[in-house]
Every structure is written in structure tokens, then in C-alpha cells.
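Assemble the complex: chain A is given as a structure, and chains B and C must be docked to it using the hints.
Protein chains in written order, with the numbering used here: chain A, 1 to 750; chain B, 1001 to 1122; chain C, 2001 to 2105.
For the record, the hints were derived by calculation from the structure and aren't laboratory data.
Even for Gly, the Cβ is constructed at its ideal location relative to N, Cα and C.
Hints are supplied without guarantee of correctness; some may be wrong.
Looking from chain B toward chain A, a few residues come up when the C-beta cut is under 7 Å (computed) [claimed, not checked]:
#1 S1012
#2 G1024
#3 M1059
#4 K1118
#5 L1119
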Amino acid sequence: MNLEPALQAFFAEADELLTRMEEALLGLESVPDDRELIDEIFRAAHTIKGTAGVFGFDDVVHFTHEVESLLDRVRDGQIAVSAAVIGPLLRSKDHIGALVRAVAEKSELSGQDRAEGDELTGVLLGLLGKAPAARGDSLVAQAPGVPAEPVSDAGDDDCAGSGNWHLSLRFGVDVMRGGMDPLSFLRYLGTIGEIVHLHTVADALPPWLELDPEACYLGFEIDFLSDASKADIEGVFEFVRDDCVLHIIPPYAKVSAYLDVIRALPEDDLMIGELLVLSGALTRAELERGLAQQKGGSDSEAPAGPTAPLGEILVEAGAVNAGVVDAALVKQKQVKDNKAQEARSLRIDADKLDQLIELVGELVIASAGVQNISQTLANIQLSEASEVLLRLVDDVRDQALSLRMVQIGATFQRFQRVVRDVSRELGKDIELVISGAETELDKTVVERIGDPLMHLVRNAMDHGIEQTEVRVANGKPARARLMLGAQHEAGSIVITVADDGGGLNRDKILRKAIERGLVSEDAQLTEREIDRLIFAPGFSTADQISNLSGRGVGMDVVRRDIEALRGTVEIDTQPGRGTSLSIRLPLTLAIIDGFLIGVGTATFVLPVGVIVECVELAGEERSAARARGYLDMRGEVLPLLWLREAFDMQGESPTRRENVVVVQFGQSRVGIVVDQLMGEHQTVIRPLGKLFSALRGVSGSTILGTGEIALILDVAGLLQIAGRNELVSHPATRARGVEADERSASLNVQ
Amino acid sequence: MAKTILVVDDSSSLRQVVSIALKGAGYDVFEAADGKDALSKLTGQKVHLVVSDVNMPNMDGITFVKEMRKLPAYKFTPVIMLTTENQEAKKAEGQAAGAKAWMVKPFKPDQMLMAVSKLCLP
Amino acid sequence: MNIDRKDEAGGPIELSVQGELTIFGAADAYGVLTRVLSEKRDLRVNLSRVSELDSSGVQLLLAAKNAAQRHGQRFELVAHSPAVLDVMDLLQLGPVFGDPVVVPA
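Just chain A, with the same shape it has in the complex (with noise of 0.2 Å):
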């Protein structure tokens, strides 16, 4: 947050703020009963007090406050207008300015002015009739209180092991009237920590007819999960302290282990009571009430009597426990270190970023296009500044896309409440286990995997995991396990989904296939080709519609946003252990490292994290791969893509030689045969039209630092065309529906 322009224009303001404050102040000496003036000056003390507090100025509020203090007593009529007061007032006017000009200036401020600024002080707090004393600044308004009666059915015993608070909130009838959405709360509270579960207690409804739509009748009971201190959790509601009833029950709630250490503690209970407050155990507002109770003890229901410790009545009271007081500690430290972090990181707008993240791209191009012409010049000299030039453009590059980097476990930790309340609607034990939560990916990305997960993971409760009493029957454990995880892998991120299920049910899923004319009856299908028919259009092997998923939207949905961030979705399953998909991702969208190919007179781009090799075809090896449309890899068949032919190309192929580049994605690896190979590049990737959405192959372009326009390959849409040649050179392995749908949506192929 870049705060310069509001500094510059607070000592702008300020300036002419003292400047109208000296003219109103001796415009009072000649007419000194002149409210206006007096409104003048008091609100030329305030805005500069409010306005330098935003700033931190501690030095320029804590004198300002006792000249606002002056002038609000002036104000009221308390303490008459006269030389008395409008002489110190000038004075104080002038050392305003001192204090505004040294932050300004960032120099200390003079033995002189400290030395006046304490006389100032001295004489506006005798005028105020008060001896220097310090005073706090809160921003929170202390709660008046917080009932301290439990509510009843609060539900303490599940808390007491659950390591969840439990809030007891009903909110007072205005509080809508006054513009308080007792929903903007719960919303904001959930930014803190997890809503595990909510409970809407709507029956304070009257009848119909005796219903004021503008008043508030709710209350709810929530298990909150959070590290967040009771105090902020108190101070979600602020707003409507005194327009709600809040009970707040702390996690791990066992009274007897926190009496052990109350009474353990050789200090006094005020002592303690601190000490809880500043852990965050207790709130001050309790200990406030508590050390009340402990005074007024004999006509109070305090049940420990008038002599008891604070930390007895406050465990009757309901408002603290013990396991809270170590963990306190221990997060209280940690919340300190998170405030370290914080405080050494910016909040930037995202848009500032895009715009960066797009210069870099442009600086990206400016730097190969200097490349080039160094090259062409052939000039050492130069040749050595451009790599160095280079070099540097790649750091920079790396280090402005590291900026939009965010880590995928916000993300994966939504998935925490879908599992638990899935798994409790279809009456299954399920636990959710994540692991690589702090694996990065951008920005871009993490956003739109969102959905296509949900998918996933709710498909994979649904179908994946069996009903209990299936998997005890089975053998297995009744707690079905789901595994949400993230991880790195060669320039790209793996996303898996995988679940301890009952795996794909092949024989159904050919089955279904051949009744909805996906594939022909006699298809010879291999295991995995049976497993990717689940992504075929219109594919869903429910048996009943669940209000899950099964309806309608299925896993080809989940496949196409999967290659529309360009990446790839597999499969892994086994009959009676589960499941598994991966989704793989590239890191980024904007920039990738390319590989440059060219065939005839155009050039493409390959990414560089895909390609396994580069073989030369030439001879007779080159016929025989022609017309066997596969190559003898030490051993192994890898089947080979004329680009040429995929992207029906005009001009003939070259009369030597032709190269192959082994590229590789998840598990396939095919070969892309082209003229040329011309090195390395780094590619700045400029979305396609529109108009090209349905091209399969190619998933961008770019522009090289010749001027010239090249294609970047989609290597998952090539792998899905060399698939199909597989396929059309077997035809007893056709698949017809995954080939129909290919086929609609891709080039041409021969």
C-alpha cells in the first residue's frame, strides 16, 4: 500500500488547517464568544489528531489530544474564552506545526520545541484541571459485558474434547434496522477461522401475521475451529455488542485441569487475570466482571464466595479454561511471529501485478529480439552484453511470476467443511487428509481449479467411496479415507484426488458406455482406455441421481477446464483399494521456457518441461517409421506425429532429414516429427481468439523476437491426436465416442 500521495497531501492539509486555525483564534480574541470560530478551531485539532493517528504520528496525537480536550471544554461552555486560554492555544498551534514538520522533515524534533512542547503540556492540563497522567487510546469500545449465565442446550460436552469454540449468539431486535446484517458477521467470521458447524435458531419467529419484516428474530449456535484469540472472536461482533447476546465457550473446555494451574501459580489471582488476558485465555471485559463479582462476592451468586480466586469465579462463570492457558501462550507466540511476516509483506493490487506480469512479458520479447540481432551482428562485444542482458531479464522474469504465486492450501482447506458435510448427508465416515498444502502455483490457476476439484472430490464420495457397511463387509476400516494433495513435478503441479474406495467399476463402465453408443460392442478397450471413458461427454455411471453429483454435469466438464488451464487429468484406480486422479497444471499461464520447431516456413513452440529428447530420422529408419507410423526407441514403441500432416500443411518434407522431438505429459510419450529444431526461447504466451478455441493442438501464440508469429503446441491436444492415429491404425480398438468427440473439435488429421 504506497501511502505517499495521502502523506503529502496530510502535510498539505495540516499546514492550512493551522494556518485557519491561527486566523479563527485571533479572530476570538476581538469576538470571543463566536461559536463558529471556536467549531473552527476545535475541528482544525481533530482532523489533524484523527488524520496523524492514521499516519502513526504518536508524537503529533498525544499532543493534539490535550489541545482538542481544551477546546471541547471551550466548546461546551466549561471553560471560558479569554487571553489565558487563546494565548497558550497559539503557542500550541505553533508546536502542532513543529511536530508536523519534524515527522515531515523525519528529523528529531529540537531541544527548544521538546522543552515547549512539555511547558504547553503542563499548562493545557492545568487549564484542564488534571495532573499529567497517560492515557490509552483503544480502538475496540470495552464490552460493557458479557452475559454471564451458560446458555442451555450450548452443547458444552461436545466441546469439551472437539478443540472447537462454541459462540451462542441471538442478535437484538433493531439490529437490522440500524443497517447490521447479522450475516456480514458470520461471513467475516469465517475469514478468521472454520464454521464447522452452524446452527440457525429461527425460533424466536412470531406468527406470521405478528411479524415485523425489519426486525431480527435470529440466533445462532456455531462450532467455530480458530486460532484466532477470544478477544477477536469478540470483536467480530463489536458492532453490535450491545445489540446481541455472545457467549463464547474456548476450546478444550475442562474445568478441573485449568483450577490445577490457577492454583499451582504462587501469584496473586490479579495477576493471573492479566496474564490471561494478554494470552488471549480470557477477554478483559471477563476479567472485569470476574474481579466484580470477586469484590461485590457476598451479594453476588458467585458460587467459590466472596474470598475465592478470580480464577475459580471464572471457571464457574463459565469463561475460561486451562488447556487454554499453555496453548495461549504457545499461540500467542506464534501470532507474533505471523505478525512479523505480515509486517515485512506489502499488499499490492492485483491489477499492478497483471500490468508488471505484462511489461515483463514484453521485456521478455524486447530481450530475444536483441538476441537475435546480436547474434546476426556476430559483434563478441555485444553478443556478451545481450546475455548478460539475458540473464538478467530471466531473474527478473522469475521473480515478477514467483509474485503471483499463492499456495494451493487455502484452497484445499475449503474442502475440509464439503467432506464433512457430504460425508454426514451420505451417512458415510469419511476423513479428509490433505498434504502438500504448501505447494505453490499462480494465482490464476488456484482460482480456477476450484471448481473442477469440487467435482472431483464430491464424485469421488459419491461414487468413489463405498457405505460403510460395504467397506466393513470388505474388510476395510469404516473411516473412509479421501487424500487431497499437491506437489511439484517437472515444471509442473500434480494435484491428486484419491480415495480408499471401491476403484472404477470396469464391466460397468463398458457396459454403460456400449448402451449410450460411446463405444462399439465389439471394442477390444485396453484397462486404462475403459478408465478414461468416465470423461466422455455424457458419461455417468450412477445408478440413482444423487442431489451430488450424477447430475448431468459430468466428468468431461471436469476435463475440459482441466485443459483449458493446459493441463492433463489421469487416472489411477484399482478394483477394491480406490482411486486416484492427478491433475497436472502447468506452473503459470503467462510465460513458459520454449522449444522452437520448424516445419516449412512456419515455427512452433514446444515448452520446454515437456520434451524427453531429440532424435534424428533419417535413412532407413525414416522409411520404416513412415510406413509403420511408430519408432523402435531402444526397444520401446513410440508412436510418432507428423506435424506436418496433423496441421495438414502445405509443402513437401525435406529431402535428408527429419527430426523427431520425444515429448512426454503424465504418462504418454509420443514423438513429434519436423524439419527443423531451432533452440531454445522464451515464449511469452498471448491467448487465442476466440475463433481458435476449438482448435485442438495448439493452445497460443507468440510472438518471436524476429516480429514473427509462432503457434505454441498444446502437447496434451497432440498426444490425444497421436492417440487416435494409435487407434486408427488398430480398428479393433476403436472407441467411438471419445473419437467423435475429438475429432469435432480438432484439426484434420490423415
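Chains B and C only, in chain A's frame:
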């Protein structure tokens, strides 16, 4: 769609700080220098939240909220009033006028952001 | 906010809420619902065009459902818009209303 917030304060630098903080968090922000200015800018468009100073020339914050509440489009718009600590009487008056949320000046931009998020997330 | 009404012969009255179902239009919505409820017929509320839902909207729907059921009429919510689903999810109201909710995948 971004949420829209109106910031009313006679200090242009304070408005700027608040604006920068809120825009950075993804809100749309428009500003007014005092109550009168603010009313003239409320022309029926959707405003999710108003942040207003109490003490301003021309029209103070409390009068502004009273007037704003007379406009159907802003009858229930949440308001955060900015105040200094010794204005308890004002606070009571303001609450009666329909300004329920109060925030004590001075505050850090992050505190402002937090307060705003409680009433409307970006 | 706008509430359209459609009568199906022999079927329920279908109300279609358009725009924000919030405190700003709560009094109007209450008026419309009061009239419709007084007809003592089955009700279907189409929420597909609800752009925003707040607490007042939620409790209005809850109260209307209570009122309809007290008189033995059906009260169903259909075609929840994303804004409605968001609130239903936050308040975990699915089971309370008991209507099938179609979650866009």
C-alpha cells in the same frame, strides 16, 4: 462485483488513506468532503457501506446519517462513524440516528479494513 | 426487488423473486407474501433471479414456510440462485427448508 463504499471526511488525506486501503482490498470507493457533499452524491446507486466522520463543516456526520436514512435507497445502509474518544454524547445521538458502528480515531488503515470487513467483505 | 406471480391451474402459486431480497424490500415482500398466504394455496418460490439475500430475507422465507405449513400448505423453494445458495450454505439451512438444492458443478 465489487462492493461500493462511500467515505465522508473533511480531511482529504484521511479520505485518501482510507480509499487506498479499501481499494487495495478490492472495494470500489467514492469520497465526499462533508455531509452535504455526500448527500449530493447519493443518487440512488447501490452503496454497501458508508464510512463517515462525525465532525465536519457544512453538514456534520450525524445530520448526514439522519438525512441519508430518509432516502429509501439508504434507509438500512450500514454506517461506520469515525469519532474521537471523548464524544460519548455524540455517539448516543448518532446511534439514535441509525449509526450503529463506531470507530475511534486515530486508527491504522488495517484496523479500518478489518472494521469494514465485519460489515461487508469485499 | 420485484415479485412476479404465476398461477398454475390446479398447481401451486409460483412466486418469482427478482433482485435483492433484503431489508430494503422486506416490507414490500412481506406485503406480497401476506396476500398470497391468505389464499391458503400451495406455494412455490422461484429464487433463480435473486441477486442478494440477507438475514431479513432469510427470516422472511423461514416465517413464510412456517405460516404455510401451519395451514397445511406446501411451501417450496426452487431454482436457488448462487447468492441464495451462498447464504443457505453459510447458515446451513438446507435441512431446515428441506428443498432439493441444485448445486452448479
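Here is how each hint holds up against the structure:
1. S1012: This hint holds: B/S1012 lies near chain A, its Cβ roughly 6 Å from the closest one there, short of 7 Å.
2. G1024: OK, holds: B/G1024 within 7 Å of chain A, min 5 Å.
3. M1059: 13 Å, violated
4. K1118: This interface hint holds because 5 Å falls under the 7 Å limit.
5. L1119: Cβ of B/L1119 sits 5 Å from chain A, so the hint holds.
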